[in-house]
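All chains should be built: construct the whole structure from the sequences, respecting the hints.
Using the UniProt record's numbering, the first residue of the sequence shown is number 1, and each one after it goes up by one.
Incorrect hints may have been included.
[To be verified] Computed list of lysine to aspartate or glutamate pairs in DMTMM-like fashion (alpha-carbon distance at most 25 Å, straight line):
| hint | residue 1 | residue 2 |
| --- | --- | --- |
| 1 | K86 | E76 |
| 2 | K126 | E76 |
| 3 | K107 | E76 |
| 4 | K93 | E118 |
| 5 | K165 | E40 |
[Unchecked claim] Here are the computed distance ranges between Cβ atoms for each label pair:
| hint | residue 1 | residue 2 | range |
| --- | --- | --- | --- |
| 6 | S138 | P83 | 27 to 33 Å |
| 7 | F49 | G139 | 27 to 33 Å |
| 8 | F49 | S164 | 15 to 21 Å |
| 9 | G50 | V98 | 16 to 22 Å |
| 10 | E51 | L91 | 37 to 43 Å |
| 11 | G122 | E51 | 28 to 34 Å |
| 12 | V98 | G122 | 22 to 28 Å |
Please keep in mind that the hints were generated in silico from the structure rather than gathered at the bench.
Just so it is clear, CB atoms sit at the ideal spot from N, CA and C, and this is done for glycine as well.
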Amino acid sequence: MTLLIRLPRLGSGVSDLLKNERLIGRVLQSSFSSSAVKMEGHRIERDTFGELKVPNEKYYGAQTVRSQMNFPIGGETERMPLPVIKAMGILKKASAIVNKNYGLDPKVAEAICKAADEVISGSLYKDHFPLVIWQTGSGTQTNMNTNEVISNRAIEILGGKLGSKNPVHPNDHVNKSQ
Numbered sequence: 001m002t003l004l005i006r007l008p009r010l011g012s013g014v015s016d017l018l019k020n021e022r023l024i025g026r027v028l029q030s031s032f033s034s035s036a037v038k039m040e041g042h043r044i045e046r047d048t049f050g051e052l053k054v055p056n057e058k059y060y061g062a063q064t065v066r067s068q069m070n071f072p073i074g075g076e077t078e079r080m081p082l083p084v085i086k087a088m089g090i091l092k093k094a095s096a097i098v099n100k101n102y103g104l105d106p107k108v109a110e111a112i113c114k115a116a117d118e119v120i121s122g123s124l125y126k127d128h129f130p131l132v133i134w135q136t137g138s139g140t141q142t143n144m145n146t147n148e149v150i151s152n153r154a155i156e157i158l159g160g161k162l163g164s165k166n167p168v169h170p171n172d173h174v175n176k177s178q
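Encoded structure:
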């Protein structure tokens, strides 16, 4: 399925684009996969540019939603390939193991490793990695998608609340020293 969205005129400004509820809703509704466990509603997450609605059942967060808004192109066949996502899981697990030796809380490191194992297995790919290959070129969005998924899954493993960034932060813990 190809994701086709008409963007507001460029002259309307970036802030108007980011606040465009219809655009956000259409991007979220056009998710490339569906979760086996459906949860109603959304949670509010924040990034540098403000608040965004994130579906409750998703492990990704605000930066992944924002990437979907900024790159509303491509479709199922243009998603980031599974081998790339698995490689990101390997990288994040290796980093957690090393960072544990340099002061990362062992419980946080273990939860990151368990979540990374799920990424490596491919079991989280369909429902939590919606981004397409069309990005800015550096892979920042895919890196953050991976950080958010691993962070939220690790939070869940530790009994916390999705989107809280506590006790596992996507940047401070999952992306530490990378």
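Just pull the numbers of the violated hints for me, sorted ascending.
Numbers 3, 6, 7, 9 and 10, in rising order.
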